[in-house]
Amino acid sequence: MSLKDKLHNLKEQYKGKKMAPAFNAIHTFLYLPNETTHSGSHVRGADDLKRTMNMVIIAMVPCLIWGMFNAGYQHYSAIAGGTPEFISFFDHLKYFFTLDNLLIGAKKVLPLVIVSYVVGLAIEFLFAVIKKHEVEEGYLVTGMLVPLIVPVDTPLWMLTIAVAFGVVIGKEVFGGTGMNILNPALTIRAFLFFAYPTWMSGDKVWVHDAVNRAGTPDAISGETMLGMLAQKKELAYGIDEAFFGFIPGSVGETSTLLIIIGAAILIFTKIASWRIILSGVVGALVMGLIFNGVTAQGWITEGSKFYALMNLPFWHHLLIGGFAFGITFMATDPVSGAQTTKGKWWYGFLIGFFAVMIRVFNPAYPEGIMLAILLMNVFAPTIDHYVVQGNVNKRLKRLKVKTA
Amino acid sequence: MSKDIRIKKGLDINLVGAAEQSKVKAIKSNTYAINPDDFHGITPKIIAKVGTEVKAGAPLFYSKSNDQILFNSPVSGEVVEIVRGAKRKILSFKVLADKEQQYEDFGAKNVASMSGDEIKSHLLSSGCWPFIKQRPYDVLANPDIAPKAIFVSGHNSAPLAANLDYVLAGKEKELQAAVTALSKLTAGKVHLSVADKSSPLANISDAEVHTVKGPHPVGNVSTQIAKVDPINKGEIVWVVAAQDLVIIGELLLTGKYNASRTIAVAGSSVKSPKYYETKIGAEVSTFIYDAGVEGDNVRMINGNVLTGTTVAPDGHLASTVDTFTVIPEGNDYEFFGWNKPVFNKISYSRALTFSWLFPKKKYDLDTNTNGEHRAFVVTGNYEEVFPLDIYPMQLLKAFSYNDLDEMEQLGAYEVAPEDFALTEFVCVSKQNHQELVRKGLDVMYKEIG
Chain X
1 MSLKDKLHNL
11 KEQYKGKKMA
21 PAFNAIHTFL
31 YLPNETTHSG
41 SHVRGADDLK
51 RTMNMVIIAM
61 VPCLIWGMFN
71 AGYQHYSAIA
81 GGTPEFISFF
91 DHLKYFFTLD
101 NLLIGAKKVL
111 PLVIVSYVVG
121 LAIEFLFAVI
131 KKHEVEEGYL
141 VTGMLVPLIV
151 PVDTPLWMLT
161 IAVAFGVVIG
171 KEVFGGTGMN
181 ILNPALTIRA
191 FLFFAYPTWM
201 SGDKVWVHDA
211 VNRAGTPDAI
221 SGETMLGMLA
231 QKKELAYGID
241 EAFFGFIPGS
251 VGETSTLLII
261 IGAAILIFTK
271 IASWRIILSG
281 VVGALVMGLI
291 FNGVTAQGWI
301 TEGSKFYALM
311 NLPFWHHLLI
321 GGFAFGITFM
331 ATDPVSGAQT
341 TKGKWWYGFL
351 IGFFAVMIRV
361 FNPAYPEGIM
371 LAILLMNVFA
381 PTIDHYVVQG
391 NVNKRLKRLK
401 VKTA
Chain D
1001 MSKDIRIKKG
1011 LDINLVGAAE
1021 QSKVKAIKSN
1031 TYAINPDDFH
1041 GITPKIIAKV
1051 GTEVKAGAPL
1061 FYSKSNDQIL
1071 FNSPVSGEVV
1081 EIVRGAKRKI
1091 LSFKVLADKE
1101 QQYEDFGAKN
1111 VASMSGDEIK
1121 SHLLSSGCWP
1131 FIKQRPYDVL
1141 ANPDIAPKAI
1151 FVSGHNSAPL
1161 AANLDYVLAG
1171 KEKELQAAVT
1181 ALSKLTAGKV
1191 HLSVADKSSP
1201 LANISDAEVH
1211 TVKGPHPVGN
1221 VSTQIAKVDP
1231 INKGEIVWVV
1241 AAQDLVIIGE
1251 LLLTGKYNAS
1261 RTIAVAGSSV
1271 KSPKYYETKI
1281 GAEVSTFIYD
1291 AGVEGDNVRM
1301 INGNVLTGTT
1311 VAPDGHLAST
1321 VDTFTVIPEG
1331 NDYEFFGWNK
1341 PVFNKISYSR
1351 ALTFSWLFPK
1361 KKYDLDTNTN
1371 GEHRAFVVTG
1381 NYEEVFPLDI
1391 YPMQLLKAFS
1401 YNDLDEMEQL
1411 GAYEVAPEDF
1421 ALTEFVCVSK
1431 QNHQELVRKG
1441 LDVMYKEIG
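As they're listed, the protein sequences go chains X and D. Residue 16 in the working numbering sits at position 16 of the first sequence, with consecutive numbering throughout. Residue 1224 in the working numbering sits at position 224 of the second sequence, with consecutive numbering throughout.
Please keep in mind that the hints were generated in silico from the structure rather than gathered at the bench. Where is the CB? At the ideal position from N, CA and C, for every residue including glycine. There could be a bad hint or two in this list.
[Unchecked claim] Estimated spans, in silico, between C-beta atoms of each pair: (1) X:Leu396 - D:Glu1294: 38 to 44 Å; (2) D:Gly1295 - X:Lys17: 30 to 36 Å; (3) X:Leu289 - D:Lys1008: 31 to 37 Å; (4) X:Tyr14 - D:Asn1344: 48 to 54 Å; (5) D:Gly1295 - X:Asn9: 22 to 28 Å.
Construct the entire structure; sequences and hints are all you get.
Here's what the structure looks like:
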């Protein structure tokens, strides 16, 4: 008997039993189910949710691989006293793709991925069994996003608690995939940020081992570019290094180049909304230009603690910090984002706008994209409401013209 | 004044097995069956009990909600069986056909000199009223309320559907009589739509002729209504299928109810797909085995692949269709079917699916859902195949939680289930949109009327 028939018989045995969703979740990973249409259209398109989610994961894989190498690269270059200034792209590359770097990455990043998936999927399976529905694929993407948006030295126990919180409170209490209001990955990230603020907003978690070495003669710096700007320190990295990704930061967010490739995959496959990404970039540029204008007018002077970030050339905002990653992979989450075409333009624009604004004005943590997306997640239904109301009013007006 | 109807949003699903333009007379069927379920929302009340001899055109049953609406027998013969299902619900009336057909004589009419009321009572008494459907709600027309307009689509854009230009060719006289009659039933106009000027409907008078262009669902009446004269709250539009005009026209011209139909027998599981001349309610086996069926694991569909209903091989042709489709069942597993590159299926996205590379290629799709039912997740793809000025996902959600106010505001009066066939096709979450819409419209019809 072939594997297919064996699994089919098992599926029949599980049918109607409590553990059926758990079995089916694994079965459907091997085989597209034998489900046929029972009502409506007799033929259906080729894509299902698994394929869609899978594409998002594929788009993130380059960022993950880069993040693993970069974890080691930042660690070793910090020990060596930081990368020398004005080193070229190729000099970086020479020391980037090395086995030592990868080993650090495997030691630090893979556990984050595994913990994120194991904890999150266990909760998904549990809820699917309790609520007797199939295991939905939403967590496949969330589970991949989480390790990419946390600092490399995040303790695994913190991540475990945060994932459990994020999946249960951020998603399952609303009814699971498709029903949540906030992006689950960002809920997890926000939980980490608010529950362990001293840990998460420090300048030591971004480079592996910086925390352990703090206070010792071997202490190394682990600051991100945004951290340096917020504290008005001299920038240790050039904007080209930020574009290619040779900088400290959350695991997967450093390389803008690879994020652009991911965005291209998502847009080409028609999975992410290009409208959100484009309008988000425009929003960030507009806010950046406003701040540049403010400093150019001399309203804010060098004495102000906001000066360094305000005076940053407006387009640099796109390349440093988590902006590119957030606008590509998290703002485009269809469930928590705006759902109407017109609404998406506004939603994306406001995310970009607020991300840069919060980045400049938030004293506690110099990054704004997380809070901007969460804020707009909350307002997305409102945006949609007004867009849909426009359609409703058009219909009412048509009726009025007719009866008048 | 005619209007061109052009749409860009939509999707043409190219399938293997289009009917070749050659017509064959199907062998005579022994029994004919009329299924009350083909006319959505009616409860049948029996007129012709088992054993009654009926002539072609004589009533079999009437609608419980309006006893004027009669449903007639397509042939003369003896009512041999009234099939009942659960709770004694009537599933179908079976008539054993006579060798020599006898027709009820309703009398030849001069349409031009008839009044609207005369035409109405003539159609009602001859059992031709069920050919007229109404919007909103996509149910049988209520003869007591006059519509603001009547729409007939002369273009079938659904996959593998019968080519109406071919089917209607040579029937201009009947079509004209029927359109003239319909034009007296409304204070507004009769709107016809054709794909090009060579259509037999293109030169009909007493009506406004529109040329339609674009992908499916341009042939759907809702699309045409929305472009020409959108339905507002409280307004009613009637809809008649082009093939039914021929039957109505023949009744008016000759006084005979002739239930002949030319249907396209199509689909990738049909050996030689072509057109068959048969009658409403004929046994499926009278034409399908002549055309030939490949394999046993097939699904037979009364209608096209998007909106038809499944029928057993020993079933009967539905009253309302001009196409009969046979496609393979997809009740098999596919190894790693969810992530491997796909070349042999149609996809709206490009997620390792390559149908975008071959826009002209014809596909052999089966009935597999290609995935399991999920909550609504992906947004923005329904809008790309939905040409109406309506937010399809928001409306579907309103239908699924039965919010009457929201349904009304979002445009539920303007849609029929068939309009959601394409959104259902591209739906990543594999939701059954047409079922949601049908149920929602039924709730509205019951609550608002």
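Quick rundown of the hints versus the structure:
1. For Leu396 (chain X) and Glu1294 (chain D), the hinted distance range of 38 to 44 Å is not satisfied, since their beta carbons lie about 53 Å from each other.
2. The given range of 30 to 36 Å is respected by Gly1295 (chain D) and Lys17 (chain X), whose C-beta atoms sit roughly 34 Å from each other.
3. Here the CB-CB span from Leu289 (chain X) to Lys1008 (chain D) is close to 36 Å, well matched to the stated 31 to 37 Å.
4. Remark: the range hint 48 to 54 Å for Tyr14 (chain X) to Asn1344 (chain D) is contradicted by a beta-carbon distance near 30 Å.
5. Distance hint check for Gly1295 (chain D) and Asn9 (chain X): the Cβ-Cβ separation is about 24 Å, which falls inside the suggested range of 22 to 28 Å.
Violation of the numbered hints given earlier is confined to hints 1 and 4; the remaining hints are satisfied by the structure.
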